[in-house]
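Quick note, the sequences are listed as chains B and V, same order.
Counting in full-length UniProt numbering, the first sequence runs without a single skipped number right up to 399 at its last residue.
Counting in full-length UniProt numbering, the second sequence runs without a single skipped number right up to 399 at its last residue.
Misleading hints may appear alongside valid ones.
Where chains are identical, the list cannot tell them apart; a pair therefore holds if satisfied intra-copy or between any two copies.
Derived pair list, reagent style EDC-like, types lysine to aspartate or glutamate, alpha-carbon separation capped at 16 Å [as the list claims (entries may be wrong)]: (1) Lys44 to Asp57; (2) Lys251 to Asp86; (3) Lys308 to Asp29; (4) Lys182 to Glu71; (5) Lys337 to Asp379; (6) Lys326 to Glu222; (7) Lys337 to Glu348; (8) Lys47 to Asp59; (9) Lys47 to Asp86; (10) Lys47 to Glu62; (11) Lys44 to Glu62; (12) Lys81 to Glu91.
Treat the hints as calculated values from the structure; they're not laboratory data.
2 protein chains.
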Amino acid sequence: MNNFSNRVCSMQASPIRKLVPFAQAAKADGVKVYHLNIGQPDIKTPKGFFDAVKNFDNDVLEYAVSQGIPELIEALQNYYKTYNMDFDKDELLITNGGSEALLFAMMATCDPGDRLLIPEPFYTNYNGFGQCVNVGVTPITTKAENGFHLPSKDEILAKIDDKVKAILISNPGNPTGAIYTKEELEMLAEIAIEKNLWIISDEVYREFVYDGLEYTSFGNLENVKDRVIIIDSVSKRYSACGARIGSIASKNKELIAQIMKLCQGRLCVPTLEQVGAVELYKTPVSYFKEVNDEYKKRRDVLYGELMKAEGVICEKPTGAFYIVAKLPVDNAEDFVKWMLTEFRVDGETVMATPAEGFYATPGLGKDEIRLAYILKEEDLRKAGEILRKGLEAYAKVNK
Amino acid sequence: MNNFSNRVCSMQASPIRKLVPFAQAAKADGVKVYHLNIGQPDIKTPKGFFDAVKNFDNDVLEYAVSQGIPELIEALQNYYKTYNMDFDKDELLITNGGSEALLFAMMATCDPGDRLLIPEPFYTNYNGFGQCVNVGVTPITTKAENGFHLPSKDEILAKIDDKVKAILISNPGNPTGAIYTKEELEMLAEIAIEKNLWIISDEVYREFVYDGLEYTSFGNLENVKDRVIIIDSVSKRYSACGARIGSIASKNKELIAQIMKLCQGRLCVPTLEQVGAVELYKTPVSYFKEVNDEYKKRRDVLYGELMKAEGVICEKPTGAFYIVAKLPVDNAEDFVKWMLTEFRVDGETVMATPAEGFYATPGLGKDEIRLAYILKEEDLRKAGEILRKGLEAYAKVNK
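For reference, chain B alone in the conformation it holds in the complex (with noise of 0.2 Å):
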């Protein structure tokens, strides 16, 4: 009895599953590990959240409406306004966080068969995703050298044939911290309307943008409202990666409709999560400023720390919390799980994610991992001095 579907089996096993038991025999033997692998924050909850949690007084925990509590729609309806975004009540939907609003995205915009199109490295769940409903990715491929910035516009089309359906980016991007400017997304803007595509835009990492960098969303392109759908989450953006509370917002309202249909089909968010999360939306800017700041801190913290490593190469990345660097080592899993088992500083080690599960084209990445900057500076700094030293005493030996 072994019949698994074959989009089941065309999944891969989380690349960063694999390492846990390396991290975990390390632990088992004393070893403090640092998670630079992980994007779980460590940054406080709004405790707004928990309040609304613990007064909620239904003596029964009812169904919610399949779009959403109102409350919530109201709260994201303001939020959105805040970024000069106007929606109706009718053009947002709750979802069980970010994940549920691509795989809808992509169910609603794709048959089987069909394909997105992605700049690479993306997020690896896009593929899988993908997988699960039969949808395919073309990727675009992106350069550590220049900062993961977009190619030009004749190259993007070239890839693009009549089994595209959509362009699917994150902006702030993870794994590779890049914004795109303004310009990369009005030529993407340009490339949806000639090819007809949809726009599904990730913008979960909205409010993380460094250096005071302008942040354009792909919901201010007026010639393009038609086709973009913006997949939305509380989880980074308010450190409630637990509460599975994201959203999906645009202003094609049939498009909406469609969606609906699947949202029908689950019935409804939990209910708690969305009375929590109404209050998430009501936290004041100064906590974005506050985390903002924090955030940057860390990552000048552990790019200054990669730079004094030989033959790293990155720039600097302006926003999300991750960086992606190519390091001067053929096979950068090797290198993550030789961190685990064999080095150590102080009875100190790091676990870093290889790069390789975030592309889509074979043999890319194998010599990158990616970093997620979500500790703070006193360790973050530690970790990045382990992982240089690492770097060092790995090239030695393999010599």
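Place chain V on chain B using the hints.
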């Protein structure tokens, strides 16, 4: 810009939804509407759920592990033990409601173009989930006249071609309220073995069995344990529909490992709801006894009223909290609409669900409705009376 996927276009908007405006209009006119159309129980959620959520005291609401938090996995293990089902920890997964459990079971067993064998009438969303992942439904028709029990083995075998990959049943049945006998399950098990099919057993109403009837779970049949996938949920069992905590259980560890990849893709199920659900599973058995007695009483009241109406055909259901009744009308949807727009008894009326949407075979169910007996006895008696009087009046109007 209207290129939606065929799969999303093929999905129907909720059949209940198009009648909602008529209910809203009636209410706006001051009419009281008894809702027998929805499966939202009025039973109190065990207080332990809310207490656990209120006692949660982490500062950061972090991602939970993809499988589900260990405490909940253990609680689920213990729960199944009371039904003589022994699941290892790696044979269980927590999901976003029974809905996600169903979707994942379909994805793991069926590729696009494959089919599920399902006794009809069935839970409408089976079809919806199937459509969004391109899986078809091959119905086995069951009838009100014999309490919606299964046809003969030969009749079922004749429906199966090589595109059918799994049998999907709901037991106790939604919308029928039927409990399959042990012999019926054994027959399906034989078929599954002969045709090498998976068995997806939706048992979310497991505790809702009346009249001292023996209930057999597919988890209790030894000869198919490697091909049974049990779908479960806290929604109905503990009147916690808004928690969206479901689960998948299977003795087939490889299947669980495959579905784990889907779980990793969506990262995790909300943390707080899982913390609460742990306590639900500690609810004493006396709770079920009380709830069960209450629903049995309600069933008797509603069924009694229905039987007073001339021409209504239905066997007394023995499980869940639904009745599907064949009415002496040509078009049940028209009747339901007429009740909402035209018929009142002392300023009150009743909303039922037309049953056509529960059938895959075109034309079936046109003269049937589903009723949920989820109101308290007194209200249910009134609602039953109004429905009966409505049928009499409708017969006169349509003579």
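Verification of the hints:
no.: 1; hint: Lys44 to Asp57; result: between (25 Å within a copy, 12 Å between copies)
no.: 2; hint: Lys251 to Asp86; result: within (9 Å within a copy, 50 Å between copies)
no.: 3; hint: Lys308 to Asp29; result: neither (30 Å within a copy, 74 Å between copies)
no.: 4; hint: Lys182 to Glu71; result: neither (32 Å within a copy, 47 Å between copies)
no.: 5; hint: Lys337 to Asp379; result: neither (21 Å within a copy, 65 Å between copies)
no.: 6; hint: Lys326 to Glu222; result: neither (37 Å within a copy, 54 Å between copies)
no.: 7; hint: Lys337 to Glu348; result: within (14 Å within a copy, 70 Å between copies)
no.: 8; hint: Lys47 to Asp59; result: between (23 Å within a copy, 8 Å between copies)
no.: 9; hint: Lys47 to Asp86; result: neither (28 Å within a copy, 41 Å between copies)
no.: 10; hint: Lys47 to Glu62; result: between (24 Å within a copy, 14 Å between copies)
no.: 11; hint: Lys44 to Glu62; result: between (29 Å within a copy, 10 Å between copies)
no.: 12; hint: Lys81 to Glu91; result: within (13 Å within a copy, 46 Å between copies)
The structure fails to meet hints 3, 4, 5, 6, 9 from the earlier list, while all remaining hints are met.
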